[in-house]
Amino acid sequence: MTEAATAPHDHGPVQARPTAVAVRGVSKTFGNGASAVTALDDVSFDVPQGSFLSVLGPSGCGKSTLMRLVAGLQPASTGTIEVAGGTPDEMRRAREFGIVFQQPVLFDWRTVEQNVGLPLQIMGRPKGEARERVEHMLELVGLSDFRKHRPWQLSGGMQQRVSIARALTFAPPFLLMDEPFGALDMMTRERMQTELLSIWASNPGTTVIFITHSISEAVLLSDRIVVMSARPGRVLKVIDVDLPRPRTDETRDSKEFVDVEAEIRQLIFSQEGR
Amino acid sequence: MSLAPGTKGRERLITAAVVVGVLALWYVAALLVQSGDDPLAASKLPYPHGVIEQIVDNRSVLAEAGWTTLKQALIGFAVGAVVGIFSSVVMAQAAWLEAGVIPFILAAQMIPMIALVPIAQNIFKNDDVTRIFIAAFITFFSVSIAVLRGLKSAPPPAYELMSSYNAGRAKTLRYLRLPAAVPMMFTGLRIAAPLSLVGSVLVDLSGAQSGLGYLMLAAITFGSEGAAVLWGAMIVLLALGFLMTQAVVLVERIVAPWQPDLRHGKA
Ligand SMILES: Nc1ncnc2c1ncn2[C@@H]1O[C@H](COP(=O)(O)OP(=O)(O)OP(=O)(O)O)[C@@H](O)[C@H]1O
Ligand SMILES: [Mg+2]
Numbered sequence: 001m002t003e004a005a006t007a008p009h010d011h012g013p014v015q016a017r018p019t020a021v022a023v024r025g026v027s028k029t030f031g032n033g034a035s036a037v038t039a040l041d042d043v044s045f046d047v048p049q050g051s052f053l054s055v056l057g058p059s060g061c062g063k064s065t066l067m068r069l070v071a072g073l074q075p076a077s078t079g080t081i082e083v084a085g086g087t088p089d090e091m092r093r094a095r096e097f098g099i100v101f102q103q104p105v106l107f108d109w110r111t112v113e114q115n116v117g118l119p120l121q122i123m124g125r126p127k128g129e130a131r132e133r134v135e136h137m138l139e140l141v142g143l144s145d146f147r148k149h150r151p152w153q154l155s156g157g158m159q160q161r162v163s164i165a166r167a168l169t170f171a172p173p174f175l176l177m178d179e180p181f182g183a184l185d186m187m188t189r190e191r192m193q194t195e196l197l198s199i200w201a202s203n204p205g206t207t208v209i210f211i212t213h214s215i216s217e218a219v220l221l222s223d224r225i226v227v228m229s230a231r232p233g234r235v236l237k238v239i240d241v242d243l244p245r246p247r248t249d250e251t252r253d254s255k256e257f258v259d260v261e262a263e264i265r266q267l268i269f270s271q272e273g274r
Numbered sequence: 001m002s003l004a005p006g007t008k009g010r011e012r013l014i015t016a017a018v019v020v021g022v023l024a025l026w027y028v029a030a031l032l033v034q035s036g037d038d039p040l041a042a043s044k045l046p047y048p049h050g051v052i053e054q055i056v057d058n059r060s061v062l063a064e065a066g067w068t069t070l071k072q073a074l075i076g077f078a079v080g081a082v083v084g085i086f087s088s089v090v091m092a093q094a095a096w097l098e099a100g101v102i103p104f105i106l107a108a109q110m111i112p113m114i115a116l117v118p119i120a121q122n123i124f125k126n127d128d129v130t131r132i133f134i135a136a137f138i139t140f141f142s143v144s145i146a147v148l149r150g151l152k153s154a155p156p157p158a159y160e161l162m163s164s165y166n167a168g169r170a171k172t173l174r175y176l177r178l179p180a181a182v183p184m185m186f187t188g189l190r191i192a193a194p195l196s197l198v199g200s201v202l203v204d205l206s207g208a209q210s211g212l213g214y215l216m217l218a219a220i221t222f223g224s225e226g227a228a229v230l231w232g233a234m235i236v237l238l239a240l241g242f243l244m245t246q247a248v249v250l251v252e253r254i255v256a257p258w259q260p261d262l263r264h265g266k267a
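So the sequences go chain by chain: A and B.
Using full-length UniProt numbering, the first residue of the first sequence is number 1, and each one after it goes up by one.
Using full-length UniProt numbering, the first residue of the second sequence is number 1, and each one after it goes up by one.
Derived by calculation from the structure, the hints in this document are not laboratory data.
Keep in mind the model is a prediction, meaning the values are calculated, not measured.
Heads up, a few of these hints could be off.
[Said to hold, decoys possible] Here are the computed lysine-lysine pairs in the DSSO-like style, where the Cα-Cα straight-line distance is at most 27 Å:
1. 171/B to 152/B
2. 171/B to 148/A
3. 148/A to 127/A
4. 255/A to 237/A
5. 71/B to 125/B
6. 8/B to 148/A
7. 127/A to 171/B
In isolation and in its complexed conformation, chain A is listed as follows (with noise of 0.2 Å):
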């Protein structure tokens, strides 16, 4: 749509990058015989290293189900994922994946700063380094003077904070996040975005694999979208997005902006209709 190399957080045209994650031909299918539920059918898109991808699609198509076959913790029933060469379980064990759940599954047992420090502890760092990297984390969230909080003490807006700090701490080449604005009001929610992005910014060569059901946030945040048909999930649609970086609260106004959105709402509606 427009120049893509003035902007300064650009990284190119996302078709021309390699393939971090490549997701072919995936189906998951949960229990067996007359209540066998099939989550995903015959899914594959691809990711390209460093951007940052959506899925999108309406609650229950399996989003969440993708991202734990993705990120190791699950296996596909048939069909391949295959994530930076290795295979996702390779990967897991590899720490590749900084996961923000659905949930911010913080540990009460733990202040704000313990649990952002959890994946360092866990990895053995030297306390000095992992105290220095929490300290930072903290800061790009904006949660500094809530360290020695604990997590029931922050909201849940907050609380979500801590959860991607703590993915982030450990630097991880690929952040899977689980809707992880779904329950925020809708202008913490922009803020929220438009904050991702720029932490995004500030750790390049990150490959984001983002799971939403709204189509503006989609929008807003991705080079590429994979829409999702609802159950059992199937790809609608890849859709690449061009609108250019650094995104900002006013490219939700601009008219390329508001294009896309209403394509991608068509789409789904038509489908709907069949």
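Starting from the structure of chain A, add chain B with the ligands where the hints point.
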């Protein structure tokens, strides 16, 4: 949920009211019992002030007996807790281990204490060791079953989180399962604390030559004086059980203040 913060004072007031109420009831009951023409009435239900007098008069005897019973109960409580925690950690490592061991634990728990005490006495031939054994036996069940449950209380996403860090069995235990089990562990300890004391007294009552239970038995064979001693010993037992439970609660507040029902205000 317990009462909201700020109602601590009211809680205390309610406790005080209950104590006063019980004492009043006791006076009324003792009055009714002793107003009949039964000459032995006073030996059945003495007045509270009579009991307190006896406690003060016999304080050294009561203190010695109480300490004997309490000391072995405490040792047994500690042993039972450690063994209980350790075995539940072992059981939590594999479903087949748990499935294999739990039936034995449940079966052992069905053994009536009245039957177990003489067996233990015959084996150990020592009152102190028997008291410790019985207290430990009772503590073991409450603690192991509670901790086992606690070790499995973390939600599935928490395991996925650990898995995404490639945390192995040991690290998942250390950073997730054990801390998650702490609240249940304290629940088990709180249940076990007074029970371990009761176990210790049971040994006193079963032919031991010392302890609060022994004092109770001895008091029964006396006249109306003895009844007050019996009641005095029971009140000492009650107080010790209360103190032990409160000690567990206090430690829990210090060790795991992050639990929902212990939170108040900011950290
Ligand atoms: N462990 C499981 N066992 C059985 N069925 C499952 C399991 N996990 C997911 N499913 C099923 O797979 C389907 C997709 O679930 P999933 O959680 O991936 O959806 P989702 O797109 O993330 O939904 P939402 O937007 O509401 O989070 C659902 O029908 C669900 O019932
Ligand atoms: Mg989901």
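Task: Ascending list of hint numbers which this structure does not respect - done: No hint contradicted; all consistent.
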